[in-house]
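Please model the complete structure; the sequences and the hints are all you need to start from.
Using this note's numbering, count along the sequence shown one by one with no gaps and you end on 124.
Honestly, the hints are just simulated from the structure, not real lab data. This one's a predicted model, so the numbers in the text were calculated from it and none came from an experiment. Hints should not be assumed to be uniformly reliable.
As the list claims (entries may be wrong) - Computed spacing ranges between beta-carbons, pair by pair:
1. 14 - 63: 27 to 37 Å
2. 10 - 96: 48 to 58 Å
3. 40 - 76: 23 to 33 Å
4. 61 - 29: 47 to 57 Å
5. 101 - 16: 50 to 60 Å
6. 86 - 124: 27 to 37 Å
7. 61 - 16: 35 to 45 Å
8. 67 - 24: 27 to 37 Å
9. 63 - 114: 34 to 44 Å
10. 114 - 62: 26 to 36 Å
Ideal Cβ placement from N, Cα and C applies to all residues, glycine included.
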Amino acid sequence: MQLKKFDQINVIPFIDIMLVLLVIVLTTATFIAKGAIPLDLPKAGSAKNLPVKKIELSITKDGKIFYFKDPVTLATLKNKLLSLNKKSNILIRTDKNAKFEVFIEVLDLLKTEGFTNIAVETVK
Numbered sequence: 001m002q003l004k005k006f007d008q009i010n011v012i013p014f015i016d017i018m019l020v021l022l023v024i025v026l027t028t029a030t031f032i033a034k035g036a037i038p039l040d041l042p043k044a045g046s047a048k049n050l051p052v053k054k055i056e057l058s059i060t061k062d063g064k065i066f067y068f069k070d071p072v073t074l075a076t077l078k079n080k081l082l083s084l085n086k087k088s089n090i091l092i093r094t095d096k097n098a099k100f101e102v103f104i105e106v107l108d109l110l111k112t113e114g115f116t117n118i119a120v121e122t123v124k
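As structure tokens, then:
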């Protein structure tokens, strides 16, 4: 039995694999760019860009609180804040449909613990 000699290399399977990998990379890149916690931020006319944020707190529309990307309760958040420098920059990201009560509870906790550099993220 003799083997046939190929005149050309079949690249179609290679192209198929590359296109599948491209789709996977583009799909994961969009999730990374958006962030892990989906929020619909409120708009503000006087929004300013702030320097690099140190601490990020997020409040979802159903009232859940996140310390960076970790879900926390108010009691857990208080314990985490005790170990931080009181001059740390704190960014609060809250969904525009979130209960205002949860936002006030978080803000009150920050003020009670002595934090003064607090910002609320909005969209222009």
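The hints, checked one at a time:
1. 14 - 63: 27 to 37 Å: 50 Å, violated
2. 10 - 96: 48 to 58 Å: At roughly 54 Å between Cβ atoms, residue 96 and residue 10 fall inside 48 to 58 Å, so the hint holds.
3. 40 - 76: 23 to 33 Å: Since residue 40 and residue 76 have Cβ atoms about 25 Å apart, the given range 23 to 33 Å holds.
4. 61 - 29: 47 to 57 Å: 26 Å, violated
5. 101 - 16: 50 to 60 Å: For residue 101 and residue 16 the Cβ distance comes to about 54 Å; the hint holds.
6. 86 - 124: 27 to 37 Å: 30 Å, holds
7. 61 - 16: 35 to 45 Å: 41 Å Cβ-Cβ, so the 35 to 45 Å window holds.
8. 67 - 24: 27 to 37 Å: With a Cβ separation near 31 Å, residue 67 and residue 24 satisfy 27 to 37 Å, so the hint holds.
9. 63 - 114: 34 to 44 Å: 25 Å, violated
10. 114 - 62: 26 to 36 Å: 29 Å, holds
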